Amino acid sequence: MMVSKNALSRVGQLGVVFMLLPMIGLATQAMADEHRIEGEGTGAFVVEDGMVDPGTYEGYLVYTRACAACHGPDGLGSSFAPNLIRAVERRGWENFAGTIAAGREVQPGQVMPSFADDPYVMGNIPNLFSYLRARGEGGLGRGRPRIIESMQEEAEPEKTEQEKTEQEDLDQQEGVEPKDRSRKDQTQEKTETDSDEANIEEEE
Amino acid sequence: MLREIGYAMTATGLMAASLAYANENQLELQQNPEYWATQLGNYQGNRFSELDQINRDNVNELRSVWQFSTGVLRGHEGGPLYVGDGRLYIHTPFPNKVFALDLEDEGRVVWSYEPDQDSRVIPVMCCDTVNRGLAYADGRLFLGQADNTLIALDAESGELLWDVSNGDHTVGETNTMSPLVVHDKVIIGISGGEYGIRGHMTAYDVETGEQVWRGYSTGPDDEVLIDPETTTMMGEPIGESDLGVSTWPEGEWERGGGAPWGWITYDPDLDLIYYGTGNPGTWNPDQRAVDGEPADNKWAITVFARDPNNGEVKWVYQKVPFDEWDYDGVNENQLIDVEFEGEQRKGLAIIDRTGFGFLLDRESGELLVAEKFAPETNWADSYDMETGRPNVNEEYSTFRQGVDVNTTDICPTAMGAKNMQPSAYSPRTGLIYAGINRICMNYEPYETDYVAGQPYVGATLTMMPAPSENGGMEGRLGSFIAWDPVAGETVWEVEERFAVWSGALATAGDLAFYGTLEGHVKAVDIENGEELWRFKTPSGIIGNVNTFQHEGKQYVAVLSGVGGWAGIGLAAGLEDPEEGLGAVGVFSALGDYTKLGGVLTVFALPD
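Residue numbers (the working numbering), protein chains in the order written: chain A, 507 to 710; chain B, 399 to 1005.
Hint data in this document are derived by calculation from the structure and do not stem from the laboratory. As the structure is a computational prediction, the values presented were derived from the model and not from experiment. Backbone N, C-alpha and C fix where the C-beta goes; we use that ideal spot for every residue, glycine too. It cannot be assumed that every hint is accurate.
[As the list claims (entries may be wrong)] Among chain B residues calculated to face chain A with C-beta under 7 angstroms, some are:
#1 513
#2 547
#3 690
#4 858
#5 960
#6 994
#7 997
[Claimed, not checked] Beyond 12 angstroms from chain B on every Cβ pair, some chain A residues (computed):
#8 552
#9 600
#10 614
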């Protein structure tokens, strides 16, 4: 019962996605991801099939830790602070790095703080610049990118999505609402086989 | 003067006699159904109005009678006060302007007040420069400014009567909350849980601004104002002393957060105030563990029942010991009288950040009900009703999954299944009406260092829509629910495209009101949630819908002006959780629907 319901809901979601794609104009960007795009100079980056070089990946982490709280997810801006993908395109490296270091009073009620006393941010400004360039000219999509496999060894060892998923103990899902299971099913499906769905069906 | 002396005598001696003095003026005003004298409508936090001139049968004729732009762009939380003098008193986010508007003259400005504040306070406010509004008593208005200055204004003239500093923004302390006046005290908490502050609740003398007591959220008992012999937890004395120190790694309680930045409610009969504390310091649970094991981090995410006269803690209930998800426990504690298992109980109901709806006994602090109002909730399966502790689902434990591991698909998000937007309770239906968030998250803790005045967060999170129920709206981010606090069940639910971030209102006109992030004010049938009326304000609504009656005419009023954490998190839209890594699909972006700008809109029926 559960399995077929999940399958149906997946079909529905795919439908929604296909409908959305042309509307939001990202289809061409998805195509561009098939290729390798490299940015040269300060804030160099590599984007290949939606994956990135280790420096750009680090830039994603720094962005999410230090910038997203005001500038919104994935560099897209918020009601509180502007889109940084566009800012990087328009303002360039010196202005970008200078604003992070010195801060800026934009207008009454809108202030960018200085990160001069934050060694983590200050030490990662080039990586931040790489990430935001990759989001713009590199056509990198939203969310957490993965590191290009051939460049992986340059990065710090980190648990992959696969390892984490394998840790999950299905027995602990006892008592979780069916809807949660369907969510979990779909997540697991990214990395695991259909046999997991069979297990879940037994638990029902 | 006589009243002050009388009050002082009762406070020192006869507990029972103090009942008559629970700020007399405020109590009288809020008992008059024509007024809206305190942000939550009454001390109990019910946001319910006996007015029924606007009702189920005529609400479709409701129309805007005037609008007023505040001239401020940021997120507008809170709402207008009406105390019977023909004016509306409103406030704004930073720079925290205050306006007295003539209700009869289309909002003409009677007086305005603008504090002079250090703009460096802006970037240390985690989630927009919001403010949840004014308090009123005895001809005075009270406002907690962003920079922690608590001020008293003469309501007649707007003249500053006194000001006092309640905190230091250079170490990350800020203020967003609305104070509450109880007896001769104005009581206010603090914000800054993302900056490693140490939370506190403080009472000041309404006449002079002099500090009367301060109770911290963490630390030694004598600073939290706990007596382990008499303060109870789940109905029993705490027993062990200084848990606010021993449940933390060495010294971590000093930056242990527990910021009480939400709403305070008050029971005049029991003479107790109630409020919840926020997240425990850094979002990285690993840095709050003791000997590698989870530690309770008391008293973060805790409901406090305090004596408003001296701050002493009557009871505590920690909703989430050892938080691993930033489930701030600040949501309002609705004081409701209920029949529970055949007995009349003085209840305290919470539509909590955690996705659970709680019912406690507000005399003893015992837990009576803990059920999920957001069915996607998965961080815990249930609550142990004996110990009052959650049964945490290890799969979604960001501590068990570890530092630098991205734990995925946790529901709800750190924004909570419900955030600060206050709920309403109708004594006629016995139900709570609340706008809620249907958002889940990925959460990755990382090691972070404490630097005074710098963010002390230690986790990254990304958000996605909660899975929708069968046949429900795909990718919806919110809903408006009617919740039975005793049965622990949702009675009806209306889905919304975005998180519902506005305060609800319930009325004797068989209506419930709320606002949406797109900017609609909606009136729904209180029996079934059927939409009966809507009006599009100029910007998204994160304020609260209030109602009052003047010269025989009932009004509804609301501040619009998108912002807050919702504005930051949702402006760009969320990722489609089904798209996987490198997602290209995007769910509804709030920025496509609304932009900044504060406006007060006042509604009434045609003459």
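Each hint, compared with the structure:
1. 513: Nearest chain A Cβ about 13 angstroms off; hint violated.
2. 547: Given a least distance of 17 angstroms, the restraint on residue 547(B) is violated.
3. 690: violated (18 angstroms)
4. 858: holds (4 angstroms)
5. 960: holds (5 angstroms)
6. 994: holds (6 angstroms)
7. 997: Status violated, d = 15 angstroms.
8. 552: holds (14 angstroms)
9. 600: holds (22 angstroms)
10. 614: violated (7 angstroms)
Violated hints, listed in ascending order, are 1, 2, 3, 7 and 10; each of the other numbered hints is respected by the structure.
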